[in-house]
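Engineer: Protein chains in written order, with full-length UniProt numbering: chain A, 1 to 331; chain B, 1 to 377; chain C, 1 to 336.
In short, the hints are calculated from the structure, not lab data.
Wrong hints could be hidden among the right ones.
Claimed, not checked - PhoX-like, lysine-lysine: derived pairs with alpha carbons at most 25 Å apart:
#1 B:Lys4 / C:Lys94
#2 C:Lys97 / B:Lys246
#3 A:Lys275 / B:Lys134
#4 B:Lys170 / C:Lys26
#5 C:Lys97 / B:Lys88
#6 C:Lys94 / B:Lys170
#7 B:Lys246 / A:Lys155
#8 C:Lys146 / B:Lys13
#9 C:Lys318 / B:Lys88
Claimed, not checked - The following label-pair restraints were derived from C-beta to C-beta distances:
#10 C:Gln166 / B:Arg231: 55 to 61 Å
#11 C:Arg275 / B:Lys23: 41 to 47 Å
#12 C:Phe265 / B:Phe253: 34 to 40 Å
#13 B:Pro303 / C:Asp3: 30 to 36 Å
All C-beta atoms, glycine included, are put in the ideal place defined by N, C-alpha and C.
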Amino acid sequence: MSVLASAIKQEIPAFQADDDTCPQCKSERYLNRPMKLLVGPCYHKMCESCVSQRFDAGPAPCPVCERILRKAEFYQQIFEDLTVENEVRIRKRIAMTFNKRQEDFKQLKDYNDYLEMVEDITLRLLYDDDTDEAEYMIERYRRENTAIIERNQSKLRRDETIQRLAFDQEQQRKQQQREEHLRQLADEEREKTDIKNSLITALATSNMDAKDIVKAKMVQLKKSSLSTRSMTRNARFKAEAILADEYDSNELDEDEANNAPFDPSESPYEPVDIKLLDKYDDPKNTAFRQGGLAAAGVTREMHQRYLIEGALAGLFVNPLDENVLASPEAQ
Amino acid sequence: MASKAILGEEINKETESLYKKEKKLGEGTYAVVYLGHHIKTNRKVAIKKIKLGNMRSGLDMSAIREVKALRELRHPNVIELIDVFSHKTSLNLVLEFLDTDLEIVIKDKSLVFMPADIKSWMMMALRGLDHCHKCWLLHRDLKPNNFLIAANGQLKLADFGLAREFGDVKRAMTSQTVTRWYRAPELLLGATNYTGSIDIWAMGCIFAELSLRAPYLPGASDLEQLTTIFRARGTPSEDEWPGMMKLPMGYSFEKFPKPQFSDLFRGSSEEAVDLMNKMLTFNPTNRISAADALKHPYFANLPRPTAPEKLPRPLKSLAGGEEGEGGGDEVVSVDDDVVASKKRLFQDAFDDGLEAERQKMGEQAAKRMDFSISSPA
Amino acid sequence: MTDRPQLFEQTSQYQHWRFTRESLSKLRTENNRLGVDRVLHGLRQEAKVDDQETSDTRIAEATKNLLTPEEELKLIDFYLQRIKIYVTIYRASKLLKPDALDNVKATAINFMKRFYLHNVVFDYPPKNIMLTCFYLATKVENAFMKIEDFIRPLADAEAKRGSKTQTKSDDVLGLEFIVIQSLQFELAVHHPYRAIYGFYLDMQTFIDEKDALRETYDRTAYYIDKSLYTDLVFHYQPSQIALGAFKLAAKEKDLDIDLYLTQRFDARSLELLYRILDEIQDGITTFAATSNDEAKEIDRKLILCRNPEKNPNSTLYKKTVAVQGDVPYVSDSDSD
């Protein structure tokens, strides 16, 4: 998960400094506590109300650099240092496209090479070094890897879903635990009162030694609170197991099926990979002189492919049994 | 190794002894189909016994073509010819046993097709066809009932009685091939040499039929077939199909406008209609190939094709729904039970006419296993 | 490289009809030995239904004249050569189109060569097998003609020669099942013709002498024809045989096709290919057809050592096999 996404998910508060000032209206945080300072894509800041004023009517130039901006492009600053902010955003953008995982590579070395390439592009963008080239590389990579990018994006979405779900479950579990704990406390309290009451009654009505009666009741008290505790724990485990099961068999399965590698052209055979060399001179063939063949889809290209495939099929196949070939006199 | 049979006759006898015939599944003019099994492995097989009683010139061309083609093809979406043996003067093809066919599935109106189901069938069909074309083999009789369906849902191209090689432009071929409704326009115009694009046209018709649940271009006669096509697809201009008039039967046809295809195929995605149009392109040179069709976005994009085992399948199968160990009668009664129970379930949804039609379809399916054809070309 | 097979590797020719020289000769020797045993067994059987004394002399005579595997091969070869003559007969009578000739001829020859890997001449003499293979080849190669049309030119030729025997359609069709089962029902055969045309086109990009190339290509037909009678088809790929024939023709026409080979293919694969091509060229040039006299001599011996169980004219056949009513091409009513 990208830094930014997790930052937002974990609700890290936006960066605020006491000396923040809106460069437009000069409003100061010191005087205006709830002021929200936003950052545009050009990394120039403005407070929320200035952004509204300037961009509500549509795209307008940034007052500092005059780049045309839209309201939707402004976001809350998270990091104090804007260069860090910038880096995080560039990395986020790069990660959207270059999202291959180690499992996409046969060898670790290939994966490392890939990571190095990605870092190279990232650094170019970060240090404004030959950004055109970097943009070109990104675009070319995107075009060449559309399928895998999409697949990994949905994998990422799936991972995030799982994390979110795990997080929610954890929260839920904690909440339940809390409630359970409170309930147990209340139960124990009630039990204590009950026992106390019955103790009083027993003491009042029994002929037994008061000491023995108290001892017996105390044992009873311990037992009952222990049993409630273990019972609730069992129930909780069960609930979690059911939750996990349900989650596995539904969403994940379908997602998995939609993301599994899939090639509509799959075949048990090696594809025939023969490039026709040039236009062949085919003087012996009179068939194409009349126009009828082409109209029926019979083209020279098709005919020549048929012939060349015939010429190259099995051309380098060894005859059976090397020994016989190597020493013909052996037979 | 010394005990291994050398003589043709001995090998043939050995092959025959591997299989046991059980019961007749169907009979056509050309062949009888039996249910059988491989004795050692108990694998269920269909034994297609080709009759040669009336063949004055010995083995007839469709038997030769079928054996010749199937002996060379090994692909998950092409029916497997497991063995061949002769018995006295009959030729016996031991084929993998397949329960049903695509025509039965299309006609079974109790089945609902999802777009992903159609995509799955089309993908399997095109994979099988692409393999044939890569081997330079034309099927020449594609239609829904020549796509058989295995118990695990795999679709398999069958009936190679009209199959022949292509690629050699000097050899004339007959234009009297392919069942009329699926016959490509260049065949109807009398082309005597053609390519895999005639099979693609038929696939396009089947694609449309899967969406419409009815034949797309049902011409009433060979003569009317072209008119039916032009009415449905618009009469092609000379630009659209250069050289069309140079074909043996090319002449000026009545001009029909091109209709809006998406109106008819409202249930289909834009990509599906686009691929269908590419398969039903008039000019065979521009018609998409099986290999390229599989690369079309229709297949790559969601929804993914349904897994074969999850595809809708009819209640009735060729050999009876249950494992029929005993005699034929017993199997039939099991079948009736299944039908009856289903009938109880949907008492009102079925009327007797529909039921009768379903029964008939079962019989037809049995005959289909014999892949009988009208006449050898 | 990868574990997926190439398309050509699924063909029956590649899978089931390739042999080493050793395995091929072993198969033929074993086949001949078992065939000889059957001849002797058949003759002894015949002795039981026939006059004892004549049988004894027949057995003695047959034992003296039994054919060796080499003699079998020579006789088969002689009839393979006859296929070439028949092709011209059908061509002249326009029953075979010129474009179908090569393939019908090559397939017929191949069928016959394959047939005798699973049969011996003692059981089935090559003369009739040749015709059945030929007729089957016309069907397989999409050049179907009715059996009457197939027989007519043969009958005409026989009449012209004043031959006593006359070929009937049953002589051809009666063996069709015997032939097709010995071919293991594998009918698709790949020949060097398609490949050689492909090479002719492919070479044009590398070889500038267009006329010489064309002349060479025309000459390859002669060498390919020769290759069909050899065992090369059991050892090498059709594309390899085609290229071998091309090299022979090129040598004759003084054309350098190495110019093509070295530019088109990498050196390491060529090393293997050159070795293969040398062997193919040897195989083609050293081939010698069986002479008429040789064939006549072997044919004479064969008359004495035929297996009576398979000979429709033998006493044994007439008294036993024929009685069982095994008449071909009667609709079998039982549907077992």
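Engineer: Against each hint, give a clear statement of whether it holds in the structure.
Structural biologist: Hints, verified against the model:
About 44 Å separates the Cα atoms of Lys4 of chain B and Lys94 of chain C, which puts this hinted pair outside 25 Å; it is violated. Taking the CA atoms of Lys97 of chain C and Lys246 of chain B, the gap is about 24 Å. The hint holds against a cut of 25 Å. A hinted pair counts as satisfied when its Cα atoms are at most 25 Å apart, and Lys275 of chain A with Lys134 of chain B qualifies at roughly 15 Å. Using a Cα cut-off of 25 Å, the hinted pair Lys170 of chain B and Lys26 of chain C is violated, with the two alpha carbons roughly 41 Å apart.
About 34 Å separates the Cα atoms of Lys97 of chain C and Lys88 of chain B, which puts this hinted pair outside 25 Å; it is violated. Annotation: proposed proximity of Lys94 of chain C to Lys170 of chain B holds, straight-line Cα distance about 16 Å (limit 25 Å). For the hint pairing Lys246 of chain B with Lys155 of chain A, the CA-to-CA distance comes to about 55 Å; that exceeds 25 Å, so the pair is violated. Under the criterion of a C-alpha separation no larger than 25 Å, the hint pairing Lys146 of chain C with Lys13 of chain B is inconsistent with the structure, at around 30 Å.
Taking the CA atoms of Lys318 of chain C and Lys88 of chain B, the gap is near 19 Å; set against the 25 Å cutoff, the hint holds. One distance hint, 55 to 61 Å for the beta-carbon pair Gln166 of chain C and Arg231 of chain B, holds here, with the actual separation near 59 Å. A hinted range of 41 to 47 Å for the beta carbons of Arg275 of chain C and Lys23 of chain B is inconsistent with their spacing of about 57 Å. Taking the beta carbon of each, Phe265 of chain C and Phe253 of chain B are about 51 Å apart, not inside 34 to 40 Å as hinted.
Checking the proposed 30 to 36 Å range against Pro303 of chain B and Asp3 of chain C shows it holds: the Cβ atoms sit about 31 Å from each other.
Comparing the model with each earlier hint shows violations of hints 1, 4, 5, 7, 8, 11, 12; every other hint is respected.
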